[in-house]
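2 protein chains.
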Amino acid sequence: MEFKINSKIFEKILSNVIPVIPSKTTNPLLQNFLFDIKDGQLTILATDLEIFLKTQVNIVSEKNYKFYVPAKLLFETVRAIPDMIISLSLEPNNQLKLTTDRGVYNLSYFETSETIELPEIPFDKEINLSSDELKRAIEKTSFAVGDEDMRPAMNGILLDFTDDGLRFVSTDGHRLVKFVNKTFQSDLREQYIIPKKAISILSKFLSDGDITVNLTKTYAQFKLPNLEFITRLIGEKYPNYNSVIPFENDNILKIKKQDIQSSIKRMLVFASDDIKQVKLNIKENEFNISIHNIDTSSSGQETIDCQYNGEPMEIGFNVFYLNDIVSHLDSEEIIFKLNSPSKACLIEPGEVSEKEEILMLLMPVRLNY
Amino acid sequence: MEFKINSKIFEKILSNVIPVIPSKTTNPLLQNFLFDIKDGQLTILATDLEIFLKTQVNIVSEKNYKFYVPAKLLFETVRAIPDMIISLSLEPNNQLKLTTDRGVYNLSYFETSETIELPEIPFDKEINLSSDELKRAIEKTSFAVGDEDMRPAMNGILLDFTDDGLRFVSTDGHRLVKFVNKTFQSDLREQYIIPKKAISILSKFLSDGDITVNLTKTYAQFKLPNLEFITRLIGEKYPNYNSVIPFENDNILKIKKQDIQSSIKRMLVFASDDIKQVKLNIKENEFNISIHNIDTSSSGQETIDCQYNGEPMEIGFNVFYLNDIVSHLDSEEIIFKLNSPSKACLIEPGEVSEKEEILMLLMPVRLNY
Chain A
800 MEFKINSKIF EKILSNVIPV IPSKTTNPLL QNFLFDIKDG QLTILATDLE IFLKTQVNIV
860 SEKNYKFYVP AKLLFETVRA IPDMIISLSL EPNNQLKLTT DRGVYNLSYF ETSETIELPE
920 IPFDKEINLS SDELKRAIEK TSFAVGDEDM RPAMNGILLD FTDDGLRFVS TDGHRLVKFV
980 NKTFQSDLRE QYIIPKKAIS ILSKFLSDGD ITVNLTKTYA QFKLPNLEFI TRLIGEKYPN
1040 YNSVIPFEND NILKIKKQDI QSSIKRMLVF ASDDIKQVKL NIKENEFNIS IHNIDTSSSG
1100 QETIDCQYNG EPMEIGFNVF YLNDIVSHLD SEEIIFKLNS PSKACLIEPG EVSEKEEILM
1160 LLMPVRLNY
Chain B
800 MEFKINSKIF EKILSNVIPV IPSKTTNPLL QNFLFDIKDG QLTILATDLE IFLKTQVNIV
860 SEKNYKFYVP AKLLFETVRA IPDMIISLSL EPNNQLKLTT DRGVYNLSYF ETSETIELPE
920 IPFDKEINLS SDELKRAIEK TSFAVGDEDM RPAMNGILLD FTDDGLRFVS TDGHRLVKFV
980 NKTFQSDLRE QYIIPKKAIS ILSKFLSDGD ITVNLTKTYA QFKLPNLEFI TRLIGEKYPN
1040 YNSVIPFEND NILKIKKQDI QSSIKRMLVF ASDDIKQVKL NIKENEFNIS IHNIDTSSSG
1100 QETIDCQYNG EPMEIGFNVF YLNDIVSHLD SEEIIFKLNS PSKACLIEPG EVSEKEEILM
1160 LLMPVRLNY
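Protein chains in written order, with the working numbering: chain A, 800 to 1168; chain B, 800 to 1168.
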């Protein structure tokens, strides 16, 4: 076998599949790429048995071959080679030889009857999404995905196909994000939960153009030109998130994002693994934020201009969660919709495109001072 | 007590002294800055008892005070405050209060009879150096400083005042760097060893202008305007480095730095914690570099153009050390002066300023294949 490929093109292809390779695994086979050369096409497959990522490139090769190569070592070798042609060939003693104008690099390859295959799945639903829009939805929601074995349904992003569009929902029980793509239309009325690791890999190769998504109850497939990504879905029922989003939060606070974000940054200086509570003291047109660290006998307190038309209120939040939410809103103004110091608070952008809806929810913490 | 200072000026001052604060210490006092306000001057002192760093700034304060504040927390608080005036005041309950237009931050301060003082040292030698030149000497030598408790003399950079200028020498037993500042003149004929941590802190605040260095056998003091840095010296005899620098290395190899550095980068892909040996096979006008990793059954091999007028030679080096040396030479061409596969190799820049001399020495490793 011998074929040639440009090093930078090869690097780009491998960089798409390398994130799937698990860093730790009890099955050493999974730390390899499967190279499948067939009828002038090289297919590279990487999997951790939950996620399958397959990419294809046309090459000139007369025969068909199928073998495994160490993923990280191949990727690092190719990445270190400057922009030039690489010839790849299979040599005796199970050596995959890479040859360039500068040198020769040998990696061990192997063949095995134990194979990793892309599962054959009878997908029954197909939708099309813009890569940009999918990427934006992931960016807005992924930070709030849960991470607890006890509540597996929350360890992914919910795709909820509804009358008002495609909703992306994430929650860890303390905070919740609902992002609605209102322009998306489909007859589907189903829910699918995409696991955290799949989301993270997906967002790496989304750039522009459309992406085709195929779905069953247990698998989702994302297809781009020359790239096919399959992930197992989380087979649990997602919590009824609508029931926790309050309607009666009539105390409306409007505040400049830049002001509150900059104040939170200074409150974080006084926070620690044990001390996370920040107190908001909100009065008419005055927003006071403070933190008190009893372990280091230190404290911070700032007052910011705001617009507020509700009852004066003292309410506590986890400062790390508050920071996450404020950082993920990209409007000039942020709106807090409050009910009482013990009820969920809604946080929304001041301005929002007609095409989407963004709602974040944060549970308060009980004030201890 | 109350005084005002601009946040960005305060941040700059604190950033000079914070590197001295030890991250782990059995003496909690050392994690604090000593603030000494006296006659309109604020002196901030940080020490780990080996290194003392003192910086001064004029302030308007009527009374004199001396107290300790938590170094990291103060630095982080000040760094998070945008460009504005901060008022500092001492309040009841041992609170140091920082007030700005935006907010109020309280840190605990304390006074103690246990004090950290700058040692009073009868310095008997004074020299002047340009900060630039000192910084360059440190950059060229510090990477080869040793790190073994068994050979404390090597755990610092030697300043050797000789007839041909001021020499900076570092070695860990495997490699050695000699950097000579040939324009430096002084009657001193002494040797001083500056410890690794002091070198690292020193290089952070060196910028431009002259620096005054005062010396005794046990301490060195570096003085810049408003900044005084004292370090204990390593009180050991430095190895006789001249005796290990060979004179009979007549096999001269000239090679482009860019070529060899780029090849080494790819050899590093195949190296590991256990496999560090790279083999150089040098013939007339042909330089071959290779590595063989028996653990992963992989290898790399490249051939580069060179000029070589000596005996054909196969010689092995630690690829990490070779990479360090090549990276720290900034000439277009690099010269290797070889003797035999078991003797020290000299590595020098192809071109060197008249004002300095740079010599690097690398011990070969025995070839095992």
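Please note that a few of the clues may not be correct.
The list treats identical chains as one, so a pair stands whether inside a single copy or across any two.
To be verified - Below, a list of computed lysine to aspartate or glutamate pairs in the EDC-like style, where the Cα atoms sit at most 16 Å apart:
1. K1016 x E1113
2. K996 x E861
3. K1053 x D1104
4. K1154 x D1007
5. K1064 x E875
6. K995 x D847
7. K995 x D923
8. K865 x E913
9. K871 x D1094
10. K1064 x D882
11. K1136 x D931
12. K853 x D923
13. K1036 x D1104
Keep in mind that the hints were calculated from the coordinates and are not lab data.
Violated constraints from the hint list, given by number and in increasing order | Violated hints (numbers, rising): 1, 2, 4, 7, 11, 12 and 13; every other hint is consistent with the structure.
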